[in-house]
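Participant: Taken in order, these protein sequences are the chains called A and B.
All the letters of the first sequence, read from the start, carry residue numbers 284 to 808 under my numbering.
All the letters of the second sequence, read from the start, carry residue numbers 4 to 337 under my numbering.
Possibly wrong hints are sitting among the right ones.
To be clear about the criterion: a stretch of chain A counts as covered by chain B if any three or more of its residues have a C-beta under 8 Å from a C-beta of chain B, and this derived list gives those stretches [stated by the list, open to error]:
#: 1; region: 354-365
#: 2; region: 650-657
So, partial list: chain B residues that the calculated Cβ filter (under 8 Å) puts toward chain A [to be verified]:
#: 3; residue: ALA158
#: 4; residue: GLU215
#: 5; residue: ALA223
#: 6; residue: GLU310
#: 7; residue: GLY311
For the record, the hints were derived by calculation from the structure and aren't laboratory data.
No residue lacks a Cβ here, since even glycine has one placed at the ideal position from N, Cα and C.
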Amino acid sequence: MTENENANPKAEPGASAAAAGTTAPMLSVRGVSKTYGAVRALDDASLDLGTGEILGLCGHNGAGKSTLVKILTGQVRPDGGEIVMQGESVEFRTPLDSQAKGLAIVDQELALAPDLSVEENLFLGNFDLSLLRRPGAVRRRARDLLQRIGLRVDPRSPVSALSIGERQLIEIARLVGRDARVLILDEPTATLSENEIERVFAVVRELVREGRSTIFVSHRLDEVLDLCDRVTVLRDGRVVSTRSSADIGHRQELIKMMIGKELPPPQRSDAARVTAGAGAAISGLRVPPAVVDFSQDVKGGQIVGLTGQIGSGTSEVLRALAGLEPDARGEFTLDGKAVRLGSPAAALGAGVAFASNDRKGEGLFLEKSVEENLVATRLRALSRGGFIRGRELKATARRLVEFVKVDPRRIDDTVEHFSGGNQQKVFLGRCLDRPDVKLLLLDEPTRGVDVAGRAEIHQLIRQAALAGVAVLFASTELDEILDLSDHVVTMFGGRIVASLAREDTNAELISADMTMSHERGEVAS
Amino acid sequence: MSTDVATAPTGPGPLRTPTRNSRETAIQGVFYGAIALFAALIVFGAIDTHGFLTMTNVRAILSSVAFVGMVAVGTALIMISGNLFSLAVGSTAAAAAMVFLALLPHGIVLAFVVTLLMGVVVGAIQGFLVGGIGANTIIVTIGAAGLIQGVALWASKGATILPPKGDTSFTWLNGHIFTFAVPIYILFGTVVVLDQYLRRSRFGRQLKLVGENIEAARAAGIRTAWVVIGAFCIAGFLFAFAGLELGAFNESGSLLIEGTQTYDAIAAAVVGGIAITGGRGSVWQALGGAILIAMISDILLLRGYSEGIQILVKGVVVFAVVVLARLNRMRAES
């Protein structure tokens, strides 16, 4: 039927054909590719979605899931390939094109207007309603929609009065009101409690029975296997396999499909790097509501990798230590000295350097030159009596530009048009090669960076650790965690679920810890 | 051009076109556009307007620039810090004129010090509200304008403040050195010193970083609140200085001095090409904008147009510059 089966001989064509129905599929993606700069985000991907089918879409970060979703919703145009809906080739130039063909998305960031009523939200962006609508008819329609999703709320009450799960259902109802034929649910359960998840799933099953189809994108593998008829797994932009849920059977099997062949732990020759006693000690860190409890030591010269799904709190841990979370509480010492939380300037003064995951918003000064960006965090050291020591500033910038391997001839260019990798190197250059930095905090250090750039950045981070700096970095990319860390900390729901030396863990273990399906109810309530 | 830059290789390799960025191109474009307009105006004014190219007229233009230039430079600092502009320019200046004249009986030194200190304190409070607790600049400065006017009216009981009879301690402010008025020298001196300070000081660097991206500046450990407060303090100082000079020039101080100063200051900074979004610009640009606007007003005045037309033309110039800058930016990005 498709090349997917070739990739995985264990697939059962019979099972999938039965689930997909015997008629033409509702939606077919055929050989779709998308390249961003040097990164091949989606490579000749194909999948079929049957009428009345729920298809799971799984894969680690960077596997291409979100690119595929963006293509289907008209936010991104593919470089090549074809999308076919009910036998008709379609092209989505804008999100409106996609909506007009009956595709609709619910993602974890809800697109509701919280101060408007349930009723008004239900018809937001619903263009077939007449301008001079009669309130009575609208209310009847709203009641009808609410009934169909089994939600008993007053259509006149504001959305802000509803729980997150109820809001999700309102969003689904809105798409049903638009008569969407294909629902794309992108991590819809990330913020829901178990009861709410059950309600959402019941509604989805009901909608599918009516002949609609659903694509369910999720990291929560137990849920995927529970809800979906078939699961398509993406890895490095390619569809590696499509199998029925019954055939996959268990989460462990799905994890194996997602990670493929595992590489052995990288050889680390720098055994002498850990200098005992020095480094960062974090104890009982809380950042309401994202981090419940976090304690971890990072020794000088050690690289600790922090991982977990989106919303697990890894990012907030780093931000709190950098002084960027005003509500953070807990004990944080660096080389035995207490560091005050809540002030970025105090953190920097104590020797904490932070590189945000939001390179453009909270990292670089895009319209400033490489030189200005490289010295932005060391202006104090480079000035005397409030005045800049120009010659030393230039010398420092030149040294750093060599250090991070950016073309020195571009030192006066603004970083706005640099590639992601070069931007990230300039950004990191700020925190590197300075004697006063004792703890380096890196949030997603290689986000949006191609393979070559990634290797160079990893080298820079290892170099910093060799020089005795304690490194704590967060990444949602498993390969990066495995490749870079001496020690791996896995978080879920704001808590540490595992803290293991790199030698004692592997991709499968970390994946299972990250998804934590078995303990979900306990944490999410 | 920009695509070349985006795909340029990481390592050493041949550099293609000189990699000036779009922003700089845009600013340069506006800069050259403004210069062309400048030149056209001078030529047009010289040939067509009787009395434009006389020394008397040059003095008159510069005299009006002396005051507007000062407040434009203050506005430029606030703009570069990424906080738009102050709407309390005129109120601060008018209050400064009143304070200065009212304190003259106690000696000119005290009057000077207290007036300028008032400007700094008023600026610091607004800077704290904007930079320290993140209040909106427009609302803070409108509120400040109302407060200053209220206090000034209450303290003066609505009367115009006049200098003590026979007091000549301040008249040197209206004097001339080599045919130009003293405030003109003060303005150019201020611009030279401030420009050098911003170029060479840590504060100057931080001001531009905060103005471009305050989140990134905070994450980089820059004490952003202090930088914004600093910008507002210097601006308040300059607003008060301009008011003091105006009070001395008019030999009377009341809220009427305010006039269109707030608008003129913003217009001069914008016409001078300072990015309203912050992060870029120099005090020289504000001065250039002020001179341009003064020349346009002067030509209209010499040709006998009413004040209404003068204000209208100023508005048109501001619009033209804004549109030009936007077009240039789009051209550079395409």
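Participant: If a hint holds in the structure, say so; if it doesn't, say that too.
Facilitator: Now the hints, each set against the structure:
no.	hint	in the structure
1	354-365	violated (count 0)
2	650-657	holds (count 3)
3	ALA158	violated, 36 Å
4	GLU215	holds, 5 Å
5	ALA223	holds, 5 Å
6	GLU310	violated, 39 Å
7	GLY311	violated, 39 Å
Hint check: violations occur at hints 1, 3, 6, 7; the rest are consistent with the structure.
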